Structure formats: C-alpha cells, structure tokens
Amino acid sequence: MKIQTILAAGAMTVAAVAAQNAQAGAVLDGIKDKGFVQCGVNTGLPGFSAANAEGKWEGIDVDVCRATAAALLGDANAVQYTPLTAAQRFTALQSGEIDILSRNTTATTTRDAKLGLTFVGVNYYDGQGFLIPKGLGVSSATELDGATVCVEPGTTTELNLADYFRAKGMSFEPVVIENINEATAAFFSGRCDVYTTDASGLASIRTQMAENPADYVILPEIISKEPLGPVVAQGDEQWSDIVRWAFTAMVEAEEYGVTMENVDDMKANSTNPGIQRLLGVTPGMGEALGLDEAWAYNIIKQVGNYGESYEKNVTAKLGLERGLNALWTDGGLQYAWPVR
Amino acid sequence: MSKPQNAPGDVRSKGLVDYLNDENVRAVLYQIIAIGLIVLAGWYLVSNTLYNLEQQNISTGYGFLDLEASFEISETMIDYSAQSSYATALMVGLLNTVKVSLLGIILCTIIGTIFGIARLSSNWIVRKLATVYVETFRNIPVLLQLFFWYALIPGAFPHPRDALEPIPGVLLTSRGMYMPVPEPDAAYTLMAIAAVIACAVIYFVKKWAKKRQDATGQPFPMFLAGLGIFVGFVLLAYLVGGAPTELSMPALKGFNIRGGYNISPEFMAVLIGLTVYTSTYVAEVVRSGIQAVPNGQWEAADSLGIRRSVALRKVILPQSMRVAIPPLTNQYLNLTKNSSLAVAVGYPDLVSVSNTTMNQTGQAIEAISIFMSIYLGLSLLTSLFMNWFNKKMALVER
Chain C
1 MKIQTILAAG AMTVAAVAAQ NAQAGAVLDG IKDKGFVQCG VNTGLPGFSA ANAEGKWEGI
61 DVDVCRATAA ALLGDANAVQ YTPLTAAQRF TALQSGEIDI LSRNTTATTT RDAKLGLTFV
121 GVNYYDGQGF LIPKGLGVSS ATELDGATVC VEPGTTTELN LADYFRAKGM SFEPVVIENI
181 NEATAAFFSG RCDVYTTDAS GLASIRTQMA ENPADYVILP EIISKEPLGP VVAQGDEQWS
241 DIVRWAFTAM VEAEEYGVTM ENVDDMKANS TNPGIQRLLG VTPGMGEALG LDEAWAYNII
301 KQVGNYGESY EKNVTAKLGL ERGLNALWTD GGLQYAWPVR
Chain R
1 MSKPQNAPGD VRSKGLVDYL NDENVRAVLY QIIAIGLIVL AGWYLVSNTL YNLEQQNIST
61 GYGFLDLEAS FEISETMIDY SAQSSYATAL MVGLLNTVKV SLLGIILCTI IGTIFGIARL
121 SSNWIVRKLA TVYVETFRNI PVLLQLFFWY ALIPGAFPHP RDALEPIPGV LLTSRGMYMP
181 VPEPDAAYTL MAIAAVIACA VIYFVKKWAK KRQDATGQPF PMFLAGLGIF VGFVLLAYLV
241 GGAPTELSMP ALKGFNIRGG YNISPEFMAV LIGLTVYTST YVAEVVRSGI QAVPNGQWEA
301 ADSLGIRRSV ALRKVILPQS MRVAIPPLTN QYLNLTKNSS LAVAVGYPDL VSVSNTTMNQ
361 TGQAIEAISI FMSIYLGLSL LTSLFMNWFN KKMALVER
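In order, the protein sequence lines correspond to chains C and R. Just so you know, we're using the UniProt record's numbering here: the first sequence kicks off at 1 and counts up by one. Just so you know, we're using the UniProt record's numbering here: the second sequence kicks off at 1 and counts up by one.
Simulated from the structure, these hints should not be mistaken for lab results. Please note: incorrect hints may appear among the correct ones.
Said to hold, decoys possible - Derived DSS-like pairs (lysine-lysine); straight-line CA-CA distance at most 25 Å: (1) R/K337 / R/K99; (2) C/K134 / R/K253; (3) R/K253 / C/K168; (4) R/K337 / R/K206; (5) C/K312 / C/K301; (6) C/K34 / C/K301.
What the hints assert, rightly or not - Some, not all, of what chain R presents toward chain C, calculated at C-beta under 10 Å: (7) S59; (8) F64; (9) A82; (10) F157; (11) G241; (12) T356.
Quantities reported herein were computed from a predicted structural model and do not represent experimental measurements. Note that CB positions come from ideal geometry on N, CA and C, so glycine has one too.
Please build the complete structure, drawing on both the sequences and the hints.
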C-alpha cells in the first residue's frame, strides 16, 4: 500500500511541476512577484561580467541587467546573478532558470531561430582574434599552421576557428575546456600555442589574468563578426521589449548627453522634447512599455548612460578604445532606435 | 492430494467484492495500477515537455545528427573532421570514453591487486606504504585528483621546442608524450589476425593439457607453451608480411611535434586520475577477498608442501575472487561513470562532445538523452560481462 501512495504522490508532484512550466510567457509576472531580475552572466570576464573584490558583479553585461532592473523595479540592485559557462547558458535561459542572459553572447541565425531565443540588442560589437605568447615569434594568424589552440566549447568561436583554418587550408589541434579559468590556465601553462576568443575577451585575459601582460600579443587578424548582446527567451514579448528599450535608453541618453551627473538637472531644466520624452517629463513612453514614467531616469541615475558604462568597465579595466562601439555620430555602430 | 472441495449447497457467490478481496487478484491489480501511474506520469512529462518546447519555439527531434558538426576534436580514433556529422562526432566521443574506461579498468585491477596484497604483507614498510597509498587517494574527491594531474602534467614538462628525450625517439613535452610508431603496413593487419588465431590455438592446447593432467597427473608448462605459440604466430606473420621496418618518428615541425603517437596530457590526467582513485577501492576489495578465505586454506596448502607464492596464486586468489567479483563490478561501473568527469580537463569524451553538440544545436534534451542511454548501455554491458564472469568463477557444487 505504502508504495502505491508514494507513487501517486510522486506523480502528483511531477504533474504540478510540469504544469507550472507549461505557463510559459509569464517571465515578467515572475520577476514582479519575486522582486528581482535573475541575470545569467559570465563566470569571470573582467570588463564584461566579473565579481569585484567586494564580491559585487560589475561590467557592461552586468549593467544591462542593472538597467533592466532599474527600469522595471526602480532599483538597479534588484538583480541576482547566475554565473554560467558558455555551454550552460542557453539551457539556463530556456528552462527559465534565468530571466535574461547577458553574457557576451553572439547573435546568430541558429540561436535566434532554433533555440527559442530573442536577441534584443548589441551592447558590444566584437570580432574573434588570437592571443599568443610573444616568444612564439608569429606576427600573423596565417602563420599558425599546426598550432595547438585553446578554446571554450559551445561558442561561435569554436566554429569560426574550424572554419578559418579550413578556409586557409591549415591544420590545428584544439584543446577544449569548458571553464574559462581552467582554459586560460592551460594556455598560460604552455599547453596551447594560441588562445582564441573575441578580441575583447583576449584583452581581458591578457590584462587581467596574465602574470606579465607584456609577454603576450593579440594578432592583428580579426576573423569573424561577433555582435554580443543580451538575450531573452521567446514567449514573453513585453519582457523582451523592456530589455530592448532599457538598453536602448542607455545609448539614447549618451546621444543626448544625459549622464548620471546631470540627469536631475536635465529632468528639471531641459527644453529638448527628446530628452523630456526620455526622462518622462512628457509622459507616454513608460506607459507604452508598461513601466513607470521614470524608467529611463532610473536607468541613467543608477547605472549611467552607455558611454559611462563603457568607460567605467571596458576602457578602465581593459584599456580598449570605443572603436566599433562608438556612437554612430563618432563613426561607430552604436545607434539607438528613437525613444518616442 | 486432492483439492478441498466446496461442500455441496455452499454455492460461493463470485460477486465483485469477493473478487476484489481475493489476495491474488489484489496483488495483480496493485501492480497494474502502479505501472499505469508510472506510464501516466511519464506520458505527462514527455507531452508537457514537447508542448513547452513548441511554445518556446525550440526545435526538437534527432534530425540534427546528420548536420555538419563544424567543430574539431583533438583526439579521434576514427576518421573525423569538421565536415563530419554530429553523429560521427558523438561516435568519436563514445570511443574516447570506452578507450579511457577500458584502459582504466585494466590498470586499476592490476595496481589495485598489487596494493591489496601488499596491505597484507608481512613486511612492515610494504604494508604501511600500501595503507598510506590507499588511504590518501581514496579520500580525495576524484575531480580534484583530475585537476591535480592536469595541472601537474603540462606544467612539469618543457615546451615542444625543448622536449625531453629520455629514450631515443620518445619525447616528453607539455603537450604530452610522443613515441615512434610503425608506419601503416599490410603486415600489421596480418599480425593482428595471427594473434587472434594464436589465442584460439592456445585455448585448445590448454583444454587438452587440462584433460591430460586430469587423466595422468602430468602437468604441462602452459605459460611457456602459450607464450611460444603467441610469439611464434605473430613473428611468422611479420616475416610473411615482408618485415616492414619503417617507423614514424616524432619530430619538431613548426609549433608542434608531428609524427609518432601522441598521448595527450588530457588523456594522461584522466587515465591516471581514474586509475589511481579506483585502484584504492580495488585494493580494499582484493584485501577483503583474501581475508575472507579461511586461514585453514593456507594451512592446508602448507601441509601439502605447496610454496606460499603458489598457494596464493592457485589456492587463495581463486577463492577470494568469488568474494571479490561483485564489489569489483561496482568499481568498474564507477570508473566508467566517473570518466564523464573528463570534460573538466578537456579530454574529448562523450560528455564533452555532447555538451558542445548540445550548445551548437540547442538540442539539450536530445543530446542528454543520447549520452544518458549510452552510459546506461555501457554500464549494463559491463554488468552483463561481470555477471557472466562471476558465474564462471562461482563454486561448482558437485
């Protein structure tokens, strides 16, 4: 008898859990209920997402999550972080374990169409490069025939690498390690001649993880396009809109010259209708997104605009200039859709 | 004996209640209900998952297996390139898992048996050393041991440019160990066939020898004869094949050492880690097996004038095997399953390749279902083999 009772109870539990999952599309309600945004980030990539000395997460990927929380909940700190490896990230998002994946993730057709994901924007335009020890005596990626290459599995990097060597008729031996810390340790121990990932990631590894950064160089070749950005699961369009516009507001703010410093002043005194709309002086935008009218104000006040976030994280930590990520008015690719 | 008959006039009503009160009927009924519930729960889970996947626009099915994998794998036992399909990639992973597991099982049995016997040695130093070995490696989590070996191996040896060469032709580097191998030649296929034939011949000779010993009591030097037959056959095949002497020598070319056979640091770390860890358990199994054989067996062997080493081999070990095989099976299964930790140090085993596949295609459920069923299959196969072996070794009651 006991066994039967247990079985029945088990079946009920399973059914209840499954039924819960069946209500996909309620991400937004879930966040409002629990009062924070669950954000999937890198396990440790300084400049993008890494825990600082006090254990607080920071980086431009982290700032996207903070901006979303500020817009939706009015508090940029209402974020919980889930550090993920490249191989774990999509499953975590698909299963609903995280609400948003902001982990230097490249937008591709397969991921967008087959994995049930929505890429909501590009917060970093990147490309794949190669990091080598200076002692290798190589000055171009075309000289890498026969090299051993350390790479993270489950990345576009891994595929580009195979494509590049195949196209050039060269061979290589991959060493594939999932955890970025283990992978870089293998590279620095001399297991590999080359470490490959996005150029920004290479800069991060070189400046933050190498014992002596001067011993390593990044080769000039950039072998791929890597538009990195935040991702959400399909099924809750209002949620994906909020993430998209939270990020857009950061870029828009930079275009208007609204900063963390002057946002209060701008809100009180600016006569520019665009700024008035963005900061909720002229209402309508918040309502359209189902948010408080102060949504963008909260983002800029608590997180800063895109340029500030970039400066604080990428330029300061990795020494990378804006490059492709400058505003379109400065010859870059960052171009905010108009908030109106 | 006759069945008890119902008394005349006592017409037992076969109503539903009586029927349900029947113990036998109930037993069957409960089982049907239990199975029904399990099936129902399973069906509910599967249909819900499929529904959810569809709702989230995640594609399902195993069609992705035919697509081009477009990633490279470092160690392959079969032909593989980035143009091969995901199915081939998974096959490569499976073979790598089988390779490291099989070698691990063989090595841990040998090492474990030695340490198990050493723990019972009458020599104090040998006994204590064996105890220290067992207690140390048994009590450190195997994943940490893998990390330890993987940190040690590439770090302890120089870059390929300054490779160590302890024996001519054998190179030790941070990229692993390289050794010369013969260039492919038809003669080696011939030798492999000869080896199989030799094994068959040895089997029959052994049968004949046992029969003769049973009948006449005359022992036959089976080990020497077997060795002779094996070496003879293989050597003959080698000579018939034209005695090829060409070797593929490892040598520095470009960044890496090319040619020869490479044992990668990842493979070494996994093999050493699994072998050392599991051998401690095997040692304990062997020790308990030997101690389970009554002391009277030693004394009986002594009184017949059998040397101690022979007594150990011919009297004690065969009996201890009967005690040892079932727990040994567990250890083999553990080793096979633990080999999935190889992913942590970058050895391209089944889990590693499946993870990559899962991530590139997004087919998490399918990929996991594949590698779970493969591990289940491997474990069941190991169990089947060990059960057969156990039956063979079991005491034959006469």
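Given hint R/A82 near chain C, where the shortest CB pair must fall under 10 Å: holds, 4 Å
Given pair status - C/K301, C/K312, alpha carbons within 25 Å: It holds: about 15 Å lies between the C-alpha atoms, which stays within 25 Å.
Pair hint outcome, C/K34 versus C/K301 [Cα-Cα no greater than 25 Å]: holds, 23 Å
Satisfaction of hint between C/K168 and R/K253, Cα-Cα up to 25 Å: With a Cα-Cα distance of about 19 Å, the restraint between R/K253 and C/K168 holds, given a limit of 25 Å.
Status of the hint placing R/S59 at chain C (closest C-beta pair under 10 Å): Constraint on R/S59 satisfied, holds at 5 Å.
Closest C-beta approach of R/F157 to chain C relative to 10 Å, hint status: Result: holds, 9 Å to nearest chain C Cβ.
Chain C contact restraint on R/F64 - CB to CB distance below 10 Å: holds, 9 Å
Interface hint for R/G241, Cβ within 10 Å of any Cβ on chain C: violated, 31 Å
Restraint status (C-alpha distance of R/K337 to R/K99 at most 25 Å): holds, 13 Å
Restraint check for C/K134 with R/K253, where alpha carbons must lie at most 25 Å apart: Holds - the C-alpha atoms of R/K253 and C/K134 are around 19 Å apart, at most 25 Å.
Evaluation of the interface hint that places R/T356 against chain C, nearest CB under 10 Å: holds, 4 Å
Distance restraint between R/K337 and R/K206, which requires alpha-carbon spacing of 25 Å or less: violated, 36 Å
Hint violations for this structure: numbers 4 and 11, all remaining hints satisfied.
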